[in-house]
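Now for the letters of each chain:
2 protein chains.
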Amino acid sequence: MQTLTVSLADRSYPIHIGSGLLADAQSYAPFITGKTVAIVTNKTIAPLYLQQVKTTIAALGKTIVEIILPNGEEHKTAASLDAIYTAMLTAKCDRKTTIIALGGGVIGDVAGFAAATYQRGVPFIQVPTTLLSQVDSSVGGKTAINHALGKNMIGAFYQPLAVISDTETLKTLPPREYASGLAEVVKHALIFDADHFAELEANTDALNARDATVLTRVIAHSCKIKADVVKQDERETKDIRALLNLGHTFGHAIETELGYGAWFHGEAVAAGCVMAAQYSRGIGKKAHLDVLRIQSLFAKLNLPVAAPKVPAKNLLAHMQRDKKNEGGVVTLILLNRIGEAIVDKRVPESDLLAFLESQVADPT
Amino acid sequence: MQTLTVSLADRSYPIHIGSGLLADAQSYAPFITGKTVAIVTNKTIAPLYLQQVKTTIAALGKTIVEIILPNGEEHKTAASLDAIYTAMLTAKCDRKTTIIALGGGVIGDVAGFAAATYQRGVPFIQVPTTLLSQVDSSVGGKTAINHALGKNMIGAFYQPLAVISDTETLKTLPPREYASGLAEVVKHALIFDADHFAELEANTDALNARDATVLTRVIAHSCKIKADVVKQDERETKDIRALLNLGHTFGHAIETELGYGAWFHGEAVAAGCVMAAQYSRGIGKKAHLDVLRIQSLFAKLNLPVAAPKVPAKNLLAHMQRDKKNEGGVVTLILLNRIGEAIVDKRVPESDLLAFLESQVADPT
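Chains as they are written, first to last, in the working numbering: chain A, 87 to 450; chain B, 87 to 450.
Looking at chain A on its own, in the form it has when it is part of the complex:
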């Protein structure tokens, strides 16, 4: 087991990464002080791992409330949130009830937001079971649900008491979902760490084969990058945490336009990172930026490297609602080079529309 610490004064917490941790009661025990634990999971994860976690928690002498949500980004909604509230209130869960999020990013975000708001906040443990959530969404305290008018528009910063990542759970991931997780790993390297990018390039076969040794090293490295950022800028009030949104402004627009769930989040982020690189190279005048190298790595990891063919003006409208924007002007994260990103808060609408039109046009 590897353990990192996310350093946030009185909100610091450990991330445990290792094989078999679902069954390791001692990883959970310090963070369960009440009599009841509410386990939030979904219909895909429940048959695979719920019994294992229930056995672990029951061994600690706790009462368990299980809440099984439907699966998918389209259920990251107020309705799922209310299902959690209703189950917990019906079971008379009190303010010492620990919520465990067992699943991927959607479960972590919804269960985390429920933990932030149930009776004004209860203890919370992340048990991510996808690569995406292990390297990204479980680290940093962002919780949210989607709104009909935009993704992740409603939420809270709320840190877990611990993150427990069992690498065994990655074995059952469908190929597209696994690749989607690798997209965020590449993104972290693109923003902060050229050496890590080169390491990923050198290990695409091992990564695609889900080699346990390579994967453990890569997850820990990616979590470390993100934890360092979160430590410096917990609530995204400085620009550094905003850098983590590389590819996300384009990516969210793609997800919104196609309808949540058509593309996996990481797939949209991969295409979004390529778009951000192309924008940086063209309109941003970073002529030396090797966009082909970026496309090549994503492609080897079975990820898309271009926007889908949708109307440019629709993508623009979605981007104009992004949370990073100030005063209606779009903010983008651009690349100076592989391993170094910057925030551009004044992207001209005309530049952006022309760029989007070039991206979604059929090559002729």
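Wrong hints could be hidden among the right ones.
If several chains are the same, the list does not tell them apart, and a pair holds so long as it fits within one copy or across any two.
To be verified - In silico lysine-lysine, PhoX-like type, Cα no more than 20 Å apart, as pairs:
| id | residue 1 | residue 2 |
| --- | --- | --- |
| 1 | K324 | K431 |
| 2 | K178 | K431 |
| 3 | K410 | K182 |
| 4 | K182 | K324 |
| 5 | K410 | K178 |
| 6 | K121 | K324 |
| 7 | K399 | K178 |
Treat the hints as calculated values from the structure; they're not laboratory data.
Here the structure of chain A is known, so what remains is to put chain B in place on it, guided by the hints.
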């Protein structure tokens, strides 16, 4: 104008109390750094005060989004919250948008929770227009909505950047609503300040006449009591903030049983305080506690001094869902004497049911 400070490290904020503050642009200016202000109010308050606040904010050169909710505790719901989100997203409000809550406790609670959760948190100013919200709900950072299964079950601790209380707004309060505010003033005195209780007894006529001088002094005193408590126990993790719930466990049960809005919150709290006093004197064996004196002060201020005639077991069921409870055992705030309250975390269910039956029985 009187100004108090709620001292909470980097979340400290001023409370301004005075006549004519709705029009005082300088009270708002430091807390509006973005280009847009969302004013959340209701259909009762809007015709009285919205134009005045809009004029003040417009003079600062800000764009205004107005959100007018239906009036009443029965609208302190997820639906009202979503109305705020939808209006703000439609207007493309960004993360620097300041939300102003213009109204009573319901508006403050809902708008405050929207501020806590819109794009994971935006700046927030409380402009309370009722006595209840000026002395109580606007101070301390508790925000919430009701759930079908319980009052204030969903919410967040989220401090405003400022509270601006214009005493002129109290002139238009309906009598029951005004009296409801006085209930919380009495409650603060009952818990912490016997001298203040005596001062209230000596000034019932002036209070009922809404005498400006007495009222200004009383509001400032009551805010000061609450601010001192919040400073010591912001997130209600120690027992001291819990003391502010004197009368509220009984009171919330009354409100839930009758349906939100049948009784004003302060009316339920007044009856709840009397019930807590009677429980303290009887089952709690505080034989010297002068319950009649407490009943007399509430009665002179036109407040109820007994529970409504509803089934005792229904009240018990509501009380068993209270957020203060741990492990299903009811917690009550009891009185040692006028000016001193204590937390009792182990109220036996049989004692409580017998007590409730004695309270709701017709006198024979």
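Taking the hints in turn, this is what the structure says about them:
no. : hint        : verdict
1   : K324 / K431 : within (13 Å within a copy, 43 Å between copies)
2   : K178 / K431 : between (47 Å within a copy, 16 Å between copies)
3   : K410 / K182 : between (34 Å within a copy, 10 Å between copies)
4   : K182 / K324 : between (33 Å within a copy, 13 Å between copies)
5   : K410 / K178 : between (38 Å within a copy, 12 Å between copies)
6   : K121 / K324 : between (39 Å within a copy, 19 Å between copies)
7   : K399 / K178 : between (48 Å within a copy, 16 Å between copies)
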